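Novice: Please construct the entire structure, taking both the sequences and the accompanying hints into account.
What follows is each chain in one-letter form.
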Amino acid sequence: MTERENILSRIRDALRVPARRPLGMTETPLPKPEDHRRVLPKVGPSESDRLSLFASNAEELRARFVVLPAIEALESEMRSMRDAEGWTRVASHRGELTDIACAKLGIPVLLTDGGYDKNDLEACQVGVTECDALIAQTGSVLVSSRSSGGRALTVLPPHHIVLARRSQLVADLPEAMALVRQKHHPNYPSMISIITGPSRTGDIERILVLGAHGPKKLTILLI
Amino acid sequence: MTTAAAKFKKDVRRVTADLRHRRIINTALDGYAVKRDQKKSLFQDWAEARRLAAATKYEAINSLDRCLEQFARGLESRGAKVHWASTGQQACEIIVGILKERNARSVVKSKAMTAEEIHLNEALARAGLDVVETDLGEFIVQLRDEPPYHIVFPAMHLTRGEIQETFRKRLGDAPSDNPEELTMVARRVLRQKYIQADAGITGANFAVADVGLISLTENEGNARLTGALPRTMITLVGIEKVVPRLEDLALFLPMLATVGAGQLISGYNTLYGGPRQPGEPDGPEEYHVVLLDNNRTRLMADAEKRDTLHCIRCGSCLNVCPIFRNIGGHSYGTTYCGPIGAVLTPVLRGLEEWKHLPYASSLCGACTEACPVGIDLHHHLLEHRRAAASAKPSWWQKLAFKLFAPVAASKLLWALVTKSGRLGQKLHPIVLGTRLDPAYVWTRTRDLPPIAKTSFKEWWRRTRS
Chain A
1 MTERENILSR
11 IRDALRVPAR
21 RPLGMTETPL
31 PKPEDHRRVL
41 PKVGPSESDR
51 LSLFASNAEE
61 LRARFVVLPA
71 IEALESEMRS
81 MRDAEGWTRV
91 ASHRGELTDI
101 ACAKLGIPVL
111 LTDGGYDKND
121 LEACQVGVTE
131 CDALIAQTGS
141 VLVSSRSSGG
151 RALTVLPPHH
161 IVLARRSQLV
171 ADLPEAMALV
181 RQKHHPNYPS
191 MISIITGPSR
201 TGDIERILVL
211 GAHGPKKLTI
221 LLI
Chain B
224 MTTAAAKFKK
234 DVRRVTADLR
244 HRRIINTALD
254 GYAVKRDQKK
264 SLFQDWAEAR
274 RLAAATKYEA
284 INSLDRCLEQ
294 FARGLESRGA
304 KVHWASTGQQ
314 ACEIIVGILK
324 ERNARSVVKS
334 KAMTAEEIHL
344 NEALARAGLD
354 VVETDLGEFI
364 VQLRDEPPYH
374 IVFPAMHLTR
384 GEIQETFRKR
394 LGDAPSDNPE
404 ELTMVARRVL
414 RQKYIQADAG
424 ITGANFAVAD
434 VGLISLTENE
444 GNARLTGALP
454 RTMITLVGIE
464 KVVPRLEDLA
474 LFLPMLATVG
484 AGQLISGYNT
494 LYGGPRQPGE
504 PDGPEEYHVV
514 LLDNNRTRLM
524 ADAEKRDTLH
534 CIRCGSCLNV
544 CPIFRNIGGH
554 SYGTTYCGPI
564 GAVLTPVLRG
574 LEEWKHLPYA
584 SSLCGACTEA
594 CPVGIDLHHH
604 LLEHRRAAAS
614 AKPSWWQKLA
624 FKLFAPVAAS
634 KLLWALVTKS
644 GRLGQKLHPI
654 VLGTRLDPAY
664 VWTRTRDLPP
674 IAKTSFKEWW
684 RRTRS
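Chains as they are written, first to last, in my numbering: chain A, 1 to 223; chain B, 224 to 688.
Worth flagging that the hints you see were computed from the coordinates, not collected in a lab. Do not rely on the hints blindly, as some may be mistaken.
As the list claims (entries may be wrong) - Under 8 angstroms between C-beta atoms, here's a sample of chain B residues computed to sit facing chain A:
id	residue
1	Phe266
2	Arg447
3	Leu571
4	Gly573
Unchecked claim - Where chain B lies over chain A, by a calculated footprint (3+ residues, C-beta under 8 angstroms):
id	stretch
5	45–55
6	81–94
7	98–108
8	116–122
9	194–203
Claimed, not checked - Pairs of lysine-lysine residues, derived as DSSO-like cross-links and limited to a Cα-Cα distance of at most 27 angstroms, are as follows:
id	chain 1	residue 1	chain 2	residue 2
10	A	Lys217	A	Lys104
11	B	Lys263	B	Lys323
12	A	Lys118	B	Lys416
13	B	Lys649	B	Lys676
14	B	Lys615	B	Lys625
15	B	Lys634	B	Lys233
16	B	Lys323	A	Lys216
17	A	Lys42	A	Lys32
18	A	Lys216	B	Lys416
19	A	Lys118	B	Lys304
20	B	Lys263	B	Lys230
21	A	Lys118	A	Lys42
22	A	Lys183	B	Lys642
23	B	Lys615	B	Lys233
24	A	Lys118	B	Lys323
25	B	Lys230	B	Lys634
26	A	Lys104	A	Lys118
27	B	Lys232	B	Lys680
28	B	Lys230	B	Lys676
29	A	Lys104	A	Lys216
30	B	Lys615	B	Lys649
31	A	Lys32	B	Lys230
32	B	Lys680	B	Lys642
33	B	Lys416	B	Lys392
34	A	Lys217	B	Lys258
35	B	Lys634	B	Lys621
36	B	Lys642	B	Lys676
37	B	Lys680	B	Lys625
38	B	Lys634	B	Lys615
39	B	Lys615	B	Lys232
40	A	Lys42	B	Lys258
These figures come from a predicted structure and were not determined experimentally. For every residue, glycine included, the Cβ atom is placed at its ideal position computed from N, Cα and C.
Specialist: Here it is in structure tokens:
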């Protein structure tokens with residue numbers, strides 16, 4: 001017998017004796033998304049509720065969240081960040097929004113789409129990516145290896161800039177999970193990540209430090 | 224007394240007397256409690272959230288065979304290789320084998336309690352591999368050759384000064400004791416390691432059955448980098464980590480972060496489903512998932528304790544445990560410490576050797592109440608005591624109960640003993656603080672409460688007449 005069969009048969013033997021249900025429950029039906037929604041933090045029904053909740057969550061997480069009035073404002077926003085932080089090298093990937101954002105920066109742009117050298121990516125100060133969704137309930141960004149230029153682009157450069165459209169702002173985690181399934185099932189990207197704020201640690205005396213390994217800064221531009 | 228018990232007693236005596244250590248732990252855990260309660264209050268109904276989480280894990284564990292098969296199928300469909308290991312040793316051999324075959328030399332690793340459980344780092348070192356822990360807390364304790372202090376906060380027992388000293392000695396780089404500067408030292412050192420590493424090893428927080436995805440929770444981004452840059456990625460996952468459906472994560476991710484670290488959701492919650500897929504620009508060429516039993520099926524066979532497999536390793540039972548807060552994480556001498564460790568270890572490593580741990584509890588039930596998946600922790604501690612006592616009762620316990628029985632059964636003897644107890648306490652100060660004191664074990668560290676001047680019986684007789 002293989003170890004797989006050994007393990008499975010030990011499990012099946014064990015399960016012949018039923019276990020008592022936890023917390024005094026007499027039945028344990030699997031919860032539905034509505035059940036989750038009833039217990040999770042509340043999100044208001046309107047779009048402006050979602051926007052203001054996302055904004056306040058982002059602020060608490062020390063992410064920068066900017067709502068741009070129109071796509072035309074994207075170029076100038078990027079240029080002003082370039083000047084303020086003195087970027088010399090940017091990394092990005094091909095995409096409708098990223099193309100516009102990087103087109104007129106006037107500095108070298110490393111595109112990850114066709115593969116890249118790890119050291120080159122590490123030398124970039126900024127990673128500019130698109131995303132699959134923004135989640136109002138938690139102030140999170142949903143990215144994947146398919147939508148956001150691979151696995152490393154969203155975590156290796158010290159400043160991660162996320163570009164999103166207004167229609168991509170979802171209310172809560174149940175909606176985000178439903179979106180992941182609907183978009184990808186059963187051919188999931190090899191990596192899907194829910195990013196919430198810049199990289200952080202509290203491992204030294206429980207004191208918050210940003211930029212432990214991943215980005216020290218997270219900027220979310222909503223168009 | 225077993226060797227583990229003797230060591231436990233010795234360590235506990237030392238640590239509980241260390242007031243500085245207790246202050247560090249209590250300050251950290253009090254800060255945690257404030258944040259946890261603040262985040263808990265954002266939930267519309269925490270009690271119901273717990274019931275939903277407990278129900279979900281109950282269903283997953285009680286259909287574990289089907290869940291695991293489904294999980295493995297999903298991963299394999301995307302080209303991941305799934306390995307099954309009955310023991311820790313097998314798991315180590317599988318992982319060493321994969322690395323040897325690829326001529327790997329350097330390995331980056333993100334925090335995994337299962338790896339601690341099977342002593343993976345030691346096995347990798349024996350095979351001549353260079354392994355570096357990338358989670359900051361784990362990195363610090365690795366530099367100090369210590370095991371992690373806590374399931375979630377591995378270096379919570381250290382001050383910034385001690386960490387600076389460790390960095391100065393081991394890395395030759397520690398500009399100050401400022402936490403931010405120390406973190407940046409680790410960042411610089413580890414960035415190079417990610418880029419040079421041949422392989423990355425991670426643990427897993429959840430194994431999502433219906434879609435065949437691993438879910439990994441972290442704050443630092445070290446697991447993200449471990450899974451992004453090396454050519455080979457290996458994930459070690461205990462078979463109990465399953466949740467049935469992708470949708471379940473909408474509940475478990477925020478609950479884990481809330482009770483685990485006082486956050487609404489952790490910084491990075493990442494799903495891994497395979498090696499680099501067609502059209503993707505990066506990621507490992509190979510993805511291996513090692514499913515670990517290592518006595519989990521033994522826990523499962525005990526229907527009474529099967530709910531311990533619901534554990535999501537959030538550490539919240541440690542944080543609220545009055546014993547943990549006083550004896551600290553290292554005293555347990557086990558991979559899993561605190562109440563959950565005291566329940567798991569006697570099953571995973573033998574009741575006879577580890578039966579002292581279930582006694583390291585006041586049975587106050589704070590752990591049971593804190594558990595987000597409703598594990599009946601303090602009752603399990605009691606069950607362990609029962610099993611230990613009936614398997615091998617100690618001679619003095621047998622003697623004590625033999626003497627107690629006739630005393631308790633006789634009105635006359637009972638009155639005599641309680642009266643002489645009051646007399647004895649009057650004479651107690653003569654021997655107090657010396658080895659001649661029959662209550663020495665107690666009085667060495669505590670005051671003995673005075674016996675009431677009148678017994679209940681005497682009081683009853685007096686007030687009725």
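Novice: Under the constraints set out in the numbered hints, which ones does this structure not fulfil?
Specialist: Numbers 3, 4, 5, 6, 7, 11, 15, 16, 20, 21, 22, 25, 27, 28, 30, 31 and 38, in rising order.
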